[in-house]
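Those protein sequences? They're chains A and B, same order as listed. The opening position of the first sequence corresponds to residue 1 in UniProt numbering, with each subsequent residue numbered one higher. The opening position of the second sequence corresponds to residue 1 in UniProt numbering, with each subsequent residue numbered one higher.
Keep in mind the hints are simulated off the structure, nothing from the lab. Glycine included, every Cβ here is placed at the ideal spot set by N, Cα and C. Among the clues, some could well be false.
[To be verified] Distance windows between CB atoms, simulated:
1) A/Met-148 <-> B/Lys-298: 35 to 45 Å
2) A/Glu-91 <-> B/Asp-182: 49 to 59 Å
3) B/Asn-70 <-> A/Asn-299: 56 to 66 Å
[Stated by the list, open to error] Covered by chain A, per the in silico footprint, the following chain B stretches (three or more residues, Cβ under 8 Å):
4) 149-160
5) 201-215
[As the list claims (entries may be wrong)] Derived lysine-lysine pairs resembling DSS-like cross-links, with alpha carbons at most 27 Å apart:
6) B/Lys-6 <-> B/Lys-89
7) A/Lys-236 <-> B/Lys-300
8) A/Lys-236 <-> A/Lys-226
9) A/Lys-290 <-> A/Lys-230
10) A/Lys-236 <-> B/Lys-302
11) A/Lys-290 <-> A/Lys-324
12) A/Lys-62 <-> A/Lys-44
13) A/Lys-62 <-> A/Lys-125
14) B/Lys-320 <-> A/Lys-169
15) A/Lys-236 <-> B/Lys-230
16) A/Lys-179 <-> B/Lys-320
17) A/Lys-234 <-> B/Lys-320
18) A/Lys-320 <-> B/Lys-169
19) A/Lys-179 <-> B/Lys-300
20) A/Lys-125 <-> A/Lys-231
21) A/Lys-273 <-> A/Lys-321
22) A/Lys-273 <-> A/Lys-325
23) A/Lys-324 <-> B/Lys-179
24) B/Lys-231 <-> A/Lys-226
25) B/Lys-6 <-> B/Lys-62
26) B/Lys-169 <-> A/Lys-321
27) B/Lys-226 <-> A/Lys-234
28) A/Lys-226 <-> B/Lys-234
29) A/Lys-62 <-> A/Lys-6
30) B/Lys-226 <-> A/Lys-179
There are 2 protein chains.
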Amino acid sequence: MKKIPKIAVFGGGSWATAIVKMLCENLHQVGWYMRNQNSIDYIKENAHNPNYLSSAEFDVSKLYLSSDINELVRYADVLIFAIPSAFVKAELDKITEDFSSKIVFSAIKGIVPETGLIVGEHFNKMHQIPFENIGVITGPCHAEEVAMERLSYLTIACTDVKKARLLSKCLASNYIKTKTSDDIIGSEYAAMLKNIYAIAAGIAHGLGYGDNFQSVLMSNSIREMKRFIKKIHKMKRNINNSAYLGDLLVTGYSVFSRNRMFGNMIGKGYTVKSAQMEMSMIAEGYYATKSAYLLNEKNKAKTPIIDAVYAVLYEHKNPKKIFKKLTELLD
Amino acid sequence: MKKIPKIAVFGGGSWATAIVKMLCENLHQVGWYMRNQNSIDYIKENAHNPNYLSSAEFDVSKLYLSSDINELVRYADVLIFAIPSAFVKAELDKITEDFSSKIVFSAIKGIVPETGLIVGEHFNKMHQIPFENIGVITGPCHAEEVAMERLSYLTIACTDVKKARLLSKCLASNYIKTKTSDDIIGSEYAAMLKNIYAIAAGIAHGLGYGDNFQSVLMSNSIREMKRFIKKIHKMKRNINNSAYLGDLLVTGYSVFSRNRMFGNMIGKGYTVKSAQMEMSMIAEGYYATKSAYLLNEKNKAKTPIIDAVYAVLYEHKNPKKIFKKLTELLD
Numbered sequence: 001m002k003k004i005p006k007i008a009v010f011g012g013g014s015w016a017t018a019i020v021k022m023l024c025e026n027l028h029q030v031g032w033y034m035r036n037q038n039s040i041d042y043i044k045e046n047a048h049n050p051n052y053l054s055s056a057e058f059d060v061s062k063l064y065l066s067s068d069i070n071e072l073v074r075y076a077d078v079l080i081f082a083i084p085s086a087f088v089k090a091e092l093d094k095i096t097e098d099f100s101s102k103i104v105f106s107a108i109k110g111i112v113p114e115t116g117l118i119v120g121e122h123f124n125k126m127h128q129i130p131f132e133n134i135g136v137i138t139g140p141c142h143a144e145e146v147a148m149e150r151l152s153y154l155t156i157a158c159t160d161v162k163k164a165r166l167l168s169k170c171l172a173s174n175y176i177k178t179k180t181s182d183d184i185i186g187s188e189y190a191a192m193l194k195n196i197y198a199i200a201a202g203i204a205h206g207l208g209y210g211d212n213f214q215s216v217l218m219s220n221s222i223r224e225m226k227r228f229i230k231k232i233h234k235m236k237r238n239i240n241n242s243a244y245l246g247d248l249l250v251t252g253y254s255v256f257s258r259n260r261m262f263g264n265m266i267g268k269g270y271t272v273k274s275a276q277m278e279m280s281m282i283a284e285g286y287y288a289t290k291s292a293y294l295l296n297e298k299n300k301a302k303t304p305i306i307d308a309v310y311a312v313l314y315e316h317k318n319p320k321k322i323f324k325k326l327t328e329l330l331d
Numbered sequence: 001m002k003k004i005p006k007i008a009v010f011g012g013g014s015w016a017t018a019i020v021k022m023l024c025e026n027l028h029q030v031g032w033y034m035r036n037q038n039s040i041d042y043i044k045e046n047a048h049n050p051n052y053l054s055s056a057e058f059d060v061s062k063l064y065l066s067s068d069i070n071e072l073v074r075y076a077d078v079l080i081f082a083i084p085s086a087f088v089k090a091e092l093d094k095i096t097e098d099f100s101s102k103i104v105f106s107a108i109k110g111i112v113p114e115t116g117l118i119v120g121e122h123f124n125k126m127h128q129i130p131f132e133n134i135g136v137i138t139g140p141c142h143a144e145e146v147a148m149e150r151l152s153y154l155t156i157a158c159t160d161v162k163k164a165r166l167l168s169k170c171l172a173s174n175y176i177k178t179k180t181s182d183d184i185i186g187s188e189y190a191a192m193l194k195n196i197y198a199i200a201a202g203i204a205h206g207l208g209y210g211d212n213f214q215s216v217l218m219s220n221s222i223r224e225m226k227r228f229i230k231k232i233h234k235m236k237r238n239i240n241n242s243a244y245l246g247d248l249l250v251t252g253y254s255v256f257s258r259n260r261m262f263g264n265m266i267g268k269g270y271t272v273k274s275a276q277m278e279m280s281m282i283a284e285g286y287y288a289t290k291s292a293y294l295l296n297e298k299n300k301a302k303t304p305i306i307d308a309v310y311a312v313l314y315e316h317k318n319p320k321k322i323f324k325k326l327t328e329l330l331d
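For reference, chain A alone in the conformation it holds in the complex (with noise of 0.2 Å):
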């Protein structure tokens, strides 16, 4: 591999503007790939992305954007993917260019849910990605803070540690400090099921549950994130560190969730269908809880609190009454 490395980065929210801005503060060059050719003519003209973190200025001449997926694919050594999981497949269907070759890491927090893939799996079953060249970038980052250029600090996994050496060394700067991990598989279900815990959150939110409560409840999150984790990856890890429950805090506690959110609105009463009209978007956490409740079906970890998120969105139990019983299982 070259010692400055090709990246290119596949989508247009706000998570991926972030990666982009963090990315330019270190390369010459950075692609971008986004869907939408308006977006891109927007940004060639004023600078910034018009929909998402508008507050964040790029330098264009450091942009290589394009709207054709594969252009990009070919440019890149690196891909890093920030599609929302809900439409990470259709995405990548596109890619006809034979990328087995390359380097993919995923920011994307989230199940496949055509696949119920995590995305590495995803990528290794289906594009035929070795697993020591998939890696996972994960928070705990709020995407605006990085446009504010606030100090966030970024978890890097890979099996092969010097491929995530590599980007994390494209991705620190003076607002940005990253570390290296190997615990890809821990660090992206840790990064899919706290949005299921950031649901019920905003459940018990909703429902007039005080700060008292949401303290028990992610003392509770991150006990049974241990355990879900471990049936499926035993290994030494510390559960305590940023990229598991630093992750979980922000999120859970982020009034800005839009998982926590969608959450909000099912305790207070909305149906899941007006909640997620309402939003406009569907929260990641919603598909995330049906892939961890069917995979915990096998697994048989104590999961009470992903069991009471999939009662409330799946089964359409009564909230109100699910997480009365929930209270009984914490502790």
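Given the coordinates of chain A, assemble chain B onto it according to the supplied hints.
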């Protein structure tokens, strides 16, 4: 011990008031000491504490109120102390009755400044209470939410678990869930340390750090707390239980926490003196910082956050510089 013990609460603040309220759900009579006779007269007439948690209404016929501490020490089998740690020694010094055979629970979060001891040790060393008769009541629990009868979880710790169980029963109600623990030392130190981390969270907020950093700070705080407590009393404990992690979160994420508020003012540029004057009270964490720092000079756990708060509060170092250095030590 009789089946229903006589219980008295010592203290007139919000946490004492909340505990009296909880006990009144289960007992026919609750002793309540507060030094201010005017407050007692007010409560008798108006059925609520004039100064704290005034929305909590009492059935006055259940309250055995007195401003004579010895009267209530004589009365009760179980003494619950909920006096701010800064005043606890002065109050205890008033006791002329021998209470070495009584059961003593501490709901005090901190260290007795004059002796540098956690409250349990202070009772043991200064008042000859055997350790098996000493217990601790910990949250996560804002008193304000008890007044509103919002579901809260308490942990009651005592080396003699039977005594913990007894008090658990007296405190539990439809809005209070209790669990018992035998980790009295860990619980006390956790309750004390969390105030230091809340000050750190406040300083960071005051300096302009955002939510991404706060989550990293909390993730590092719980790991630091674990290391600190392990040096003092090594035993099998899950630091992610509500009594430790939950208590840290409810304080660290609360905008109402006096410790966080105090830190926030320091971060915004107030001197320690002026912040204390402005708040017209001294945050518990101020004393805790010194005690924890000095104690750890011997124990040598890695405690960058406590060290940073100590440098700011006691060595009057520049918070901006100290926290900039701290960010290098977190991950």
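We went through each hint and held it up to the structure:
1. A/Met-148 <-> B/Lys-298: 35 to 45 Å: holds, 42 Å
2. A/Glu-91 <-> B/Asp-182: 49 to 59 Å: holds, 54 Å
3. B/Asn-70 <-> A/Asn-299: 56 to 66 Å: holds, 59 Å
4. 149-160: n = 4 at 8 Å, threshold three: holds.
5. 201-215: holds (count 8)
6. B/Lys-6 <-> B/Lys-89: Holds - the C-alpha atoms of B/Lys-89 and B/Lys-6 are around 23 Å apart, at most 27 Å.
7. A/Lys-236 <-> B/Lys-300: Given pair A/Lys-236, B/Lys-300 holds - Cα atoms ~25 Å apart, limit 27 Å.
8. A/Lys-236 <-> A/Lys-226: holds, 11 Å
9. A/Lys-290 <-> A/Lys-230: OK: A/Lys-290 and A/Lys-230 at ~19 Å, within 27 Å.
10. A/Lys-236 <-> B/Lys-302: holds, 21 Å
11. A/Lys-290 <-> A/Lys-324: With Cα atoms ~21 Å apart, A/Lys-290 and A/Lys-324 stay inside 27 Å; holds.
12. A/Lys-62 <-> A/Lys-44: Between A/Lys-62 and A/Lys-44 the Cα gap is close to 11 Å, so the pair holds against 27 Å.
13. A/Lys-62 <-> A/Lys-125: violated, 34 Å
14. B/Lys-320 <-> A/Lys-169: Since the Cα atoms of B/Lys-320 and A/Lys-169 sit roughly 26 Å apart, the hinted pair holds (cutoff 27 Å).
15. A/Lys-236 <-> B/Lys-230: holds, 19 Å
16. A/Lys-179 <-> B/Lys-320: Holds: A/Lys-179 and B/Lys-320 sit about 23 Å apart, inside 27 Å.
17. A/Lys-234 <-> B/Lys-320: Given pair A/Lys-234, B/Lys-320 is violated - Cα atoms ~41 Å apart, limit 27 Å.
18. A/Lys-320 <-> B/Lys-169: Given that 27 Å is the threshold and the Cα spacing comes to 26 Å, the pair holds.
19. A/Lys-179 <-> B/Lys-300: holds, 25 Å
20. A/Lys-125 <-> A/Lys-231: holds, 21 Å
21. A/Lys-273 <-> A/Lys-321: holds, 20 Å
22. A/Lys-273 <-> A/Lys-325: It holds: about 24 Å lies between the C-alpha atoms, which stays within 27 Å.
23. A/Lys-324 <-> B/Lys-179: Given pair A/Lys-324, B/Lys-179 holds - Cα atoms ~18 Å apart, limit 27 Å.
24. B/Lys-231 <-> A/Lys-226: Roughly 24 Å separates the two Cα atoms, so the pair holds.
25. B/Lys-6 <-> B/Lys-62: holds, 12 Å
26. B/Lys-169 <-> A/Lys-321: holds, 25 Å
27. B/Lys-226 <-> A/Lys-234: holds, 22 Å
28. A/Lys-226 <-> B/Lys-234: holds, 22 Å
29. A/Lys-62 <-> A/Lys-6: holds, 12 Å
30. B/Lys-226 <-> A/Lys-179: OK: B/Lys-226 and A/Lys-179 at ~22 Å, within 27 Å.
Of the numbered hints given earlier, the model fails hints 13 and 17; all others are met.
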